[in-house]
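J.: Each chain is listed here by its residues.
Number of protein chains: 2
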Amino acid sequence: MKVVKFGGSSLASAQQIRKVGQIVKSDTERKIVVVSAPGKRYSEDEKVTDLLISLAEKSLQDQDYSLEMNKIVQRYQEMAEELSLNEEVMVAIESRLDQLAAGDKSHPDYYIDAFKASGEDNNAKLVAAYFNQIGIPASYVSPKEAGLLVTNEPHNARLLPDSYEKLITLREREEVVVFPGFFGYTHEGDICTFSRGGSDITGAILASGVNADLYENFTDVDAIFAANPSVVENPMAIAELTYREMRELSYAGFSVLHDEALEPAFKKGIPVVIKNTNNPNAPGTTITKEHTKEHPPIIGIASSSGFMNIYIEKYLMNREIGFGRKVLQLLEMYGLSYEHTPSGIDNMTLVLREEQVSPSIEEALITTLKEKLQVENVKIERDVALIMLVGEGMRDQIGTMATAAKAFKDQNINIDMVNQGASENSVMFGIQQKDEDKAVESLYRAFFD
Amino acid sequence: MKVVKFGGSSLASAQQIRKVGQIVKSDTERKIVVVSAPGKRYSEDEKVTDLLISLAEKSLQDQDYSLEMNKIVQRYQEMAEELSLNEEVMVAIESRLDQLAAGDKSHPDYYIDAFKASGEDNNAKLVAAYFNQIGIPASYVSPKEAGLLVTNEPHNARLLPDSYEKLITLREREEVVVFPGFFGYTHEGDICTFSRGGSDITGAILASGVNADLYENFTDVDAIFAANPSVVENPMAIAELTYREMRELSYAGFSVLHDEALEPAFKKGIPVVIKNTNNPNAPGTTITKEHTKEHPPIIGIASSSGFMNIYIEKYLMNREIGFGRKVLQLLEMYGLSYEHTPSGIDNMTLVLREEQVSPSIEEALITTLKEKLQVENVKIERDVALIMLVGEGMRDQIGTMATAAKAFKDQNINIDMVNQGASENSVMFGIQQKDEDKAVESLYRAFFD
Numbered sequence: 001m002k003v004v005k006f007g008g009s010s011l012a013s014a015q016q017i018r019k020v021g022q023i024v025k026s027d028t029e030r031k032i033v034v035v036s037a038p039g040k041r042y043s044e045d046e047k048v049t050d051l052l053i054s055l056a057e058k059s060l061q062d063q064d065y066s067l068e069m070n071k072i073v074q075r076y077q078e079m080a081e082e083l084s085l086n087e088e089v090m091v092a093i094e095s096r097l098d099q100l101a102a103g104d105k106s107h108p109d110y111y112i113d114a115f116k117a118s119g120e121d122n123n124a125k126l127v128a129a130y131f132n133q134i135g136i137p138a139s140y141v142s143p144k145e146a147g148l149l150v151t152n153e154p155h156n157a158r159l160l161p162d163s164y165e166k167l168i169t170l171r172e173r174e175e176v177v178v179f180p181g182f183f184g185y186t187h188e189g190d191i192c193t194f195s196r197g198g199s200d201i202t203g204a205i206l207a208s209g210v211n212a213d214l215y216e217n218f219t220d221v222d223a224i225f226a227a228n229p230s231v232v233e234n235p236m237a238i239a240e241l242t243y244r245e246m247r248e249l250s251y252a253g254f255s256v257l258h259d260e261a262l263e264p265a266f267k268k269g270i271p272v273v274i275k276n277t278n279n280p281n282a283p284g285t286t287i288t289k290e291h292t293k294e295h296p297p298i299i300g301i302a303s304s305s306g307f308m309n310i311y312i313e314k315y316l317m318n319r320e321i322g323f324g325r326k327v328l329q330l331l332e333m334y335g336l337s338y339e340h341t342p343s344g345i346d347n348m349t350l351v352l353r354e355e356q357v358s359p360s361i362e363e364a365l366i367t368t369l370k371e372k373l374q375v376e377n378v379k380i381e382r383d384v385a386l387i388m389l390v391g392e393g394m395r396d397q398i399g400t401m402a403t404a405a406k407a408f409k410d411q412n413i414n415i416d417m418v419n420q421g422a423s424e425n426s427v428m429f430g431i432q433q434k435d436e437d438k439a440v441e442s443l444y445r446a447f448f449d
Numbered sequence: 001m002k003v004v005k006f007g008g009s010s011l012a013s014a015q016q017i018r019k020v021g022q023i024v025k026s027d028t029e030r031k032i033v034v035v036s037a038p039g040k041r042y043s044e045d046e047k048v049t050d051l052l053i054s055l056a057e058k059s060l061q062d063q064d065y066s067l068e069m070n071k072i073v074q075r076y077q078e079m080a081e082e083l084s085l086n087e088e089v090m091v092a093i094e095s096r097l098d099q100l101a102a103g104d105k106s107h108p109d110y111y112i113d114a115f116k117a118s119g120e121d122n123n124a125k126l127v128a129a130y131f132n133q134i135g136i137p138a139s140y141v142s143p144k145e146a147g148l149l150v151t152n153e154p155h156n157a158r159l160l161p162d163s164y165e166k167l168i169t170l171r172e173r174e175e176v177v178v179f180p181g182f183f184g185y186t187h188e189g190d191i192c193t194f195s196r197g198g199s200d201i202t203g204a205i206l207a208s209g210v211n212a213d214l215y216e217n218f219t220d221v222d223a224i225f226a227a228n229p230s231v232v233e234n235p236m237a238i239a240e241l242t243y244r245e246m247r248e249l250s251y252a253g254f255s256v257l258h259d260e261a262l263e264p265a266f267k268k269g270i271p272v273v274i275k276n277t278n279n280p281n282a283p284g285t286t287i288t289k290e291h292t293k294e295h296p297p298i299i300g301i302a303s304s305s306g307f308m309n310i311y312i313e314k315y316l317m318n319r320e321i322g323f324g325r326k327v328l329q330l331l332e333m334y335g336l337s338y339e340h341t342p343s344g345i346d347n348m349t350l351v352l353r354e355e356q357v358s359p360s361i362e363e364a365l366i367t368t369l370k371e372k373l374q375v376e377n378v379k380i381e382r383d384v385a386l387i388m389l390v391g392e393g394m395r396d397q398i399g400t401m402a403t404a405a406k407a408f409k410d411q412n413i414n415i416d417m418v419n420q421g422a423s424e425n426s427v428m429f430g431i432q433q434k435d436e437d438k439a440v441e442s443l444y445r446a447f448f449d
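Listed in order, the protein sequences are those of chains R and F. When we follow full-length UniProt numbering, the leftmost residue of the first sequence carries the number 1, and every step to the right adds one. When we follow full-length UniProt numbering, the leftmost residue of the second sequence carries the number 1, and every step to the right adds one.
Just so you know, not all the hints are guaranteed correct.
To be verified - With the C-beta cut set under 8 Å, the calculated list includes, among others, these residues of chain F facing chain R: (1) Ser106; (2) His107; (3) Tyr110; (4) Thr341; (5) Ser343; (6) Ile345; (7) Ser360; (8) Glu363; (9) Asn414; (10) Asn419; (11) Glu424.
As the list claims (entries may be wrong) - Residues of chain F clear of chain R, computed beta-carbon distances all greater than 12 Å: (12) Asp104; (13) Asp222; (14) Glu355; (15) Gln420.
Claimed, not checked - One side only, chain F facing chain R, incomplete, derived with CB under 8 Å: (16) Tyr65; (17) Met69; (18) Pro264; (19) Phe266; (20) Gly306; (21) Asn309; (22) Ile398; (23) Met417; (24) Gln433.
Since the hints were derived computationally from the structure, they do not count as laboratory data. By construction, the Cβ of each residue, glycine as well, lies at the ideal position given by its N, Cα and C atoms.
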């Protein structure tokens with residue numbers, strides 16, 4: 001069986017929901033359907049989730065929220081009418097919204113989360129009704145009924161592992177299960193939402209929970225591409241990626257989906273396929289534990305800017321047992337997380353996301369490094385971009401570094417840093433931010449043209 | 001003024017000592033001469049220091065040590081005779097050796113150290129006598145007289161910093177000071193020797209102590225070469241190196257001198273020149289704080305084998321604050337020091353010297369990584385060689401990585417790891433040990449031919 005998740009743009013209008021209906025109907029293995037809240041229909045459109053948040057905030061401040069409420073109801077209303085759904089659905093949706101507005105305001109975080117979750121929840125009811133109407137026996141199942149239990153952390157809930165004991169029973173349902181993404185219930189019966197990538201998380205949890213053969217993640221692109229299409233013209237679609245490759249790519253700027261959200265599926269070894277609701281016959285990109293097909297040595301090129309280097313120099317650093325650990329401890333003390341630490345003999349470079357490091361933290365850090373760790377020289381470099389060359393095939397291919405380095409040289413780009421661990425899944429290059437796009441283009445041409 | 005240090009092979013015979021005399025005579029700035037014990041005259045010869053150690057050990061066990069004693073006395077005797085020195089010197093040397101043999105055996109470490117130190121000490125007396133004979137006014141100065149005070153750590157003494165208060169007065173001496181290397185005196189008046197590179201340390205301490213303009217380190221090679229002459233035929237001599245470059249090179253197998261020994265000179269910014277006693281007109285290699293002349297982007301290529309990689313993989317490692325620090329703490333717990341930690345997103349590689357890691361430590365470490373840090377995958381790779389491309393000029397030169405990577409590719413060598421920090425003083429490549437020489441040769445041809 002397959003767990004299928006549809007993103008917000010796939011469920012933004014009646015026209016889109018019809019496509020979803022066809023997709024589910026065309027494959028009887030698609031037994032569990034996870035839905036997002038209605039997304040944008042056009043680029044200036046408002047997402048229902050955003051409307052729900054402002055509604056909740058106004059309501060908490062006892063302000064008039066009728067504008068938002070009307071807009072939200074209208075979004076569902078339009079879809080229900082266009083799909084000629086039974087009036088019952090709209091009655092359920094409206095009464096749920098009214099019930100939420102009248103809810104307990106003494107815990108604002110929970111109040112907001114319940115509203116946010118209703119975007120998905122109401123959409124699931126609507127989609128289930130539509131499925132039944134077009135002849136797909138389906139039922140809306142709430143996370144409460146299914147036993148999807150989460151921690152008491154509004155906006156950032158985590159799954160409670162004992163949920164899996166009950167989730168497995170979803171397998172036994174005869175009809176298609178339509179399930180709202182993005183949230184679960186606490187043991188106390190409160191709604192708490194997941195963090196970013198919320199509906200992707202729900203899909204991955206259900207895929208894992210019912211031991212699905214495949215987790216299909218429908219979005220609005222045909223595939224994951226080998227490079228950013230806004231930088232490289234018509235980049236190749238990636239047919240198959242491993243989890244590891246996906247992680248390396250999405251870390252460095254590939255944002256098709258929130259890769260961490262897929263963890264529950266990855267942990268069980270369930271393949272994930274990224275497909276396009278608007279072009280469901282395109283093969284999409286499959287993400288697997290190990291490669292199953294021929295694949296090029298380099299699978300993708302990603303880049304990301306907004307990094308900084310903190311370069312530290314100390315004579316005989318190399319002989320000082322515990323020095324590296326002390327530096328990392330210092331970063332932790334300042335609440336900073338680092339990305340890489342390439343090193344020479346008497347120097348190390350800390351690569352961090354620069355947004356974390358305010359001028360005052362920077363100053364304090366430099367002082368502490370010099371005074372506590374007797375560092376002789378500290379140099380800060382901002383506006384650093386990391387270019388990531390990703391592909392497990394690199395391991396068996398001599399000359400990858402030669403091709404890559406030549407691509408930089410040809411564009412007259414200085415390589416400030418290089419980092420390649422023994423995994424040979426990826427190579428990281430640190431360069432100046434201004435050269436980022438030029439570097440990606442040049443590498444793409446070198447490896448894919 | 002210059003502090004001049006001569007190594008063991010420069011003082012192994014009368015013929016060599018004559019060269020030393022000429023060198024000191026030819027430059028009146030050479031005011032302080034640090035001497036080693038007589039070294040080998042030919043490759044199967046015995047070093048006086050080794051003879052002294054076996055003498056001391058036999059004496060401690062009340063065994064007959066007359067063989068060693070005779071050999072030692074004979075070494076000095078031959079030189080004294082050939083140089084036609086006054087008999088007084090040999091009387092002093094022999095009586096000192098007898099006095100040492102009759103010394104206090106209740107602290108074997110101190111007993112051995114006093115014997116070891118006598119190799120340098122007696123040679124200094126002999127050299128001073130020779131200098132005077134050829135018309136160089138000179139006097140032997142003992143570390144005790146000069147105030148070179150060290151910690152109570154036999155075989156591994158460290159300088160006590162208050163020594164510098166008295167050492168500066170050596171500047172005021174009119175005659176040439178002949179000073180034995182390798183040891184100092186404790187506050188209690190005991191002799192303790194330095195660790196490795198002992199006479200180099202003494203030279204650097206005196207250069208720093210008297211604020212010398214230059215520290216000349218005479219050895220038996222014309223210069224430091226851009227690559228190991230036993231791997232690359234006729235490699236280029238390096239005219240000028242910075243301290244940083246020297247550190248990177250000697251870390252990866254350049255053993256012309258023990259670079260850490262030079263620290264006292266480096267700290268004061270005193271340049272060090274490596275010269276050849278047997279060819280004093282060769283310009284040698286100067287080691288300075290910063291480059292003062294035109295220099296190629298790559299100054300030298302070093303390599304070193306006997307490393308291992310510990311490759312660690314854990315999904316979402318990247319998001320786990322403190323993970324890297326915990327891994328390093330674990331290494332410390334097992335008393336392991338690491339060299340580099342190149343990393344991917346969800347993996348890191350620890351590069352260590354493999355001799356530290358016995359099979360039982362390896363097993364314990366793997367278990368702890370898996371159980372305590374929930375690491376999912378640990379892979380060990382032994383027989384790793386590190387190739388180090390060194391040169392501060394790299395910073396201003398685009399294309400270094402392209403040239404280097406092509407050199408590996410041309411020899412069909414797979415690059416397992418790359419590590420280049422923002423310093424751009426060096427790039428490290430990890431490869432299989434079997435390809436080490438081939439890689440150095442190929443890189444040398446690429447950068448120097």
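J.: Against each hint, give a clear statement of whether it holds in the structure.
T.: Against the structure, the hints:
{"no.": "1", "hint": "Ser106", "result": "33 Å, violated"}
{"no.": "2", "hint": "His107", "result": "28 Å, violated"}
{"no.": "3", "hint": "Tyr110", "result": "26 Å, violated"}
{"no.": "4", "hint": "Thr341", "result": "6 Å, holds"}
{"no.": "5", "hint": "Ser343", "result": "5 Å, holds"}
{"no.": "6", "hint": "Ile345", "result": "5 Å, holds"}
{"no.": "7", "hint": "Ser360", "result": "21 Å, violated"}
{"no.": "8", "hint": "Glu363", "result": "19 Å, violated"}
{"no.": "9", "hint": "Asn414", "result": "5 Å, holds"}
{"no.": "10", "hint": "Asn419", "result": "5 Å, holds"}
{"no.": "11", "hint": "Glu424", "result": "7 Å, holds"}
{"no.": "12", "hint": "Asp104", "result": "34 Å, holds"}
{"no.": "13", "hint": "Asp222", "result": "25 Å, holds"}
{"no.": "14", "hint": "Glu355", "result": "16 Å, holds"}
{"no.": "15", "hint": "Gln420", "result": "4 Å, violated"}
{"no.": "16", "hint": "Tyr65", "result": "37 Å, violated"}
{"no.": "17", "hint": "Met69", "result": "38 Å, violated"}
{"no.": "18", "hint": "Pro264", "result": "11 Å, violated"}
{"no.": "19", "hint": "Phe266", "result": "7 Å, holds"}
{"no.": "20", "hint": "Gly306", "result": "16 Å, violated"}
{"no.": "21", "hint": "Asn309", "result": "4 Å, holds"}
{"no.": "22", "hint": "Ile398", "result": "5 Å, holds"}
{"no.": "23", "hint": "Met417", "result": "5 Å, holds"}
{"no.": "24", "hint": "Gln433", "result": "14 Å, violated"}
Violated hints for the displayed structure, listed by number in ascending order: 1, 2, 3, 7, 8, 15, 16, 17, 18, 20 and 24.
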